[in-house]
Amino acid sequence: MSRRTAGDDPDRVESPTTRLRSVGPDDVPGPDELLRLVARGDEQAFAALYDALSPRVFGLARRVLRDAAQAEEVAQEALVEVWRTAARFDPSRGSATSWVLTITHRRAVDRVRAAQAGSDRERRVAAASVDTPYDGVVEAVTANLEQQQVRRCLQTLTELQREAITLAYYDGFTYREVAEKLDAALPTIKTRMRDGLIRLRDCLGVTVEVGS
Amino acid sequence: MSQPAEIHTLAGAYALDALTEIERASFARHIAGCEACAVEVAELSETASRLASASLESPPSRLREAVLAEAAQTRQVTASRPERTGHADVRRWRRWTAAAVAAGVVALGGIATVWAVQEQRVGDARRQTAALRAEQAQVAAVLAAGDVEVGTATATGGGRVIVAHSPRLNDGVVLLEDLAPPPPGMAYQLWLIDDDEPTSAGVLAAGQNSGAAVLDGIGGADTLGVTLEPAGGSPEPTGAVLAGVPLA
Numbered sequence: 001m002s003r004r005t006a007g008d009d010p011d012r013v014e015s016p017t018t019r020l021r022s023v024g025p026d027d028v029p030g031p032d033e034l035l036r037l038v039a040r041g042d043e044q045a046f047a048a049l050y051d052a053l054s055p056r057v058f059g060l061a062r063r064v065l066r067d068a069a070q071a072e073e074v075a076q077e078a079l080v081e082v083w084r085t086a087a088r089f090d091p092s093r094g095s096a097t098s099w100v101l102t103i104t105h106r107r108a109v110d111r112v113r114a115a116q117a118g119s120d121r122e123r124r125v126a127a128a129s130v131d132t133p134y135d136g137v138v139e140a141v142t143a144n145l146e147q148q149q150v151r152r153c154l155q156t157l158t159e160l161q162r163e164a165i166t167l168a169y170y171d172g173f174t175y176r177e178v179a180e181k182l183d184a185a186l187p188t189i190k191t192r193m194r195d196g197l198i199r200l201r202d203c204l205g206v207t208v209e210v211g212s
Numbered sequence: 001m002s003q004p005a006e007i008h009t010l011a012g013a014y015a016l017d018a019l020t021e022i023e024r025a026s027f028a029r030h031i032a033g034c035e036a037c038a039v040e041v042a043e044l045s046e047t048a049s050r051l052a053s054a055s056l057e058s059p060p061s062r063l064r065e066a067v068l069a070e071a072a073q074t075r076q077v078t079a080s081r082p083e084r085t086g087h088a089d090v091r092r093w094r095r096w097t098a099a100a101v102a103a104g105v106v107a108l109g110g111i112a113t114v115w116a117v118q119e120q121r122v123g124d125a126r127r128q129t130a131a132l133r134a135e136q137a138q139v140a141a142v143l144a145a146g147d148v149e150v151g152t153a154t155a156t157g158g159g160r161v162i163v164a165h166s167p168r169l170n171d172g173v174v175l176l177e178d179l180a181p182p183p184p185g186m187a188y189q190l191w192l193i194d195d196d197e198p199t200s201a202g203v204l205a206a207g208q209n210s211g212a213a214v215l216d217g218i219g220g221a222d223t224l225g226v227t228l229e230p231a232g233g234s235p236e237p238t239g240a241v242l243a244g245v246p247l248a
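Residue numbers (this note's numbering), protein chains in the order written: chain A, 1 to 212; chain B, 1 to 248.
In short, the hints are calculated from the structure, not lab data.
Even glycine gets a Cβ: it sits at the ideal position worked out from N, Cα and C.
Some clues are possibly wrong.
Claimed, not checked - Label-pair ranges, simulated between beta-carbon atoms:
#1 B:Arg62 - A:Arg66: 19 to 29 Å
#2 B:Thr154 - A:Glu209: 32 to 42 Å
#3 A:Glu180 - B:Thr78: 35 to 45 Å
From just these sequences and the hints, can you work out the full model?
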């Protein structure tokens, strides 16, 4: 039995989405269930998981890396890692979607740091505008609602919290680099990242039901 | 100075992947022994990944085929993480810390506080705690060194080996991340290689495929190599070098 968490997937975000979703096949398993099957070597489930999450995976890699070719490589690495290590997914620690995105983000950040070592990252950040072409009406609507919610919640943060979080998450900076860029003390940045995420968590209503 | 709460404030940076690899691994060990932290980190990580919804984008269609094909040829890891319960192996694994213990190094600070969580089942807890503390101090010293260099290598069979070392201190820290689980009776062994001349730098517990170790004295070694050896280790490498991290 898979316990659902608020982070589980888009279909809990807003009621209109739920209605739209129910038009599709009834018993389409969610990412949590799919990942459980993937852990047992189910290649079909992996294909379904790919279809469900690849736009997020690729979109995130693209956002961090900017470069489409590199994003494609990182997305592939991350998704193969998901296949390889699916047995390690622990549903009591969060949703499958979040687990997959964490793997993706980590790889993207590692790549960007390796590639950018010694070169100028400023320009890259300046060119930060990314549009999000996305096919699939239901998914697009879901995405839109989620995006709006995330955007609204980001606005509830203080400027320093917001900047610290976005520089780290979207641009792959370490907290030391963030502190330098924002001309703030290290402990301040650490605290702002944590406080900001806590506020974001409460605004988005994220909960993780630990253990059982 | 370092109070227990200090490490806790890293939870946000950890969830955002805003730590360096070494800090990240250290913090991961910390939460492995701290249930309250683990819950917070789980929630903050879940929250951070919501930020990804701001950027959905369909990948090129060729990616699907490429991913599914590669997965079909990739062996999956088994369900449970290997327990870190080796006995003799763990003692050997900690061997390098003896000198530091003798010197009475017990300073704790910053990142150092995170190191003390694992291997609770190994006997002689007090000695072990002292060893771990010494190790923490050494790790902290390496990471704080102005000349720290970080090298990474992908291991044959999957996973990564990361080495941070300070030429000035002549010390280093090795991290093994998710190497392929060793076959029964086998263990990963580390080697400091100086001009093709390998010297053992420690053996992991049989079955262990992730872990960290302090390199106490790198000398003139130019590479950190990893091989698979019979549990307990070999005097000289008998297996192929699965990963080599340059220490240049």
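Hint check:
{"no.": "1", "hint": "B:Arg62 - A:Arg66: 19 to 29 Å", "verdict": "holds, 20 Å"}
{"no.": "2", "hint": "B:Thr154 - A:Glu209: 32 to 42 Å", "verdict": "holds, 36 Å"}
{"no.": "3", "hint": "A:Glu180 - B:Thr78: 35 to 45 Å", "verdict": "holds, 43 Å"}
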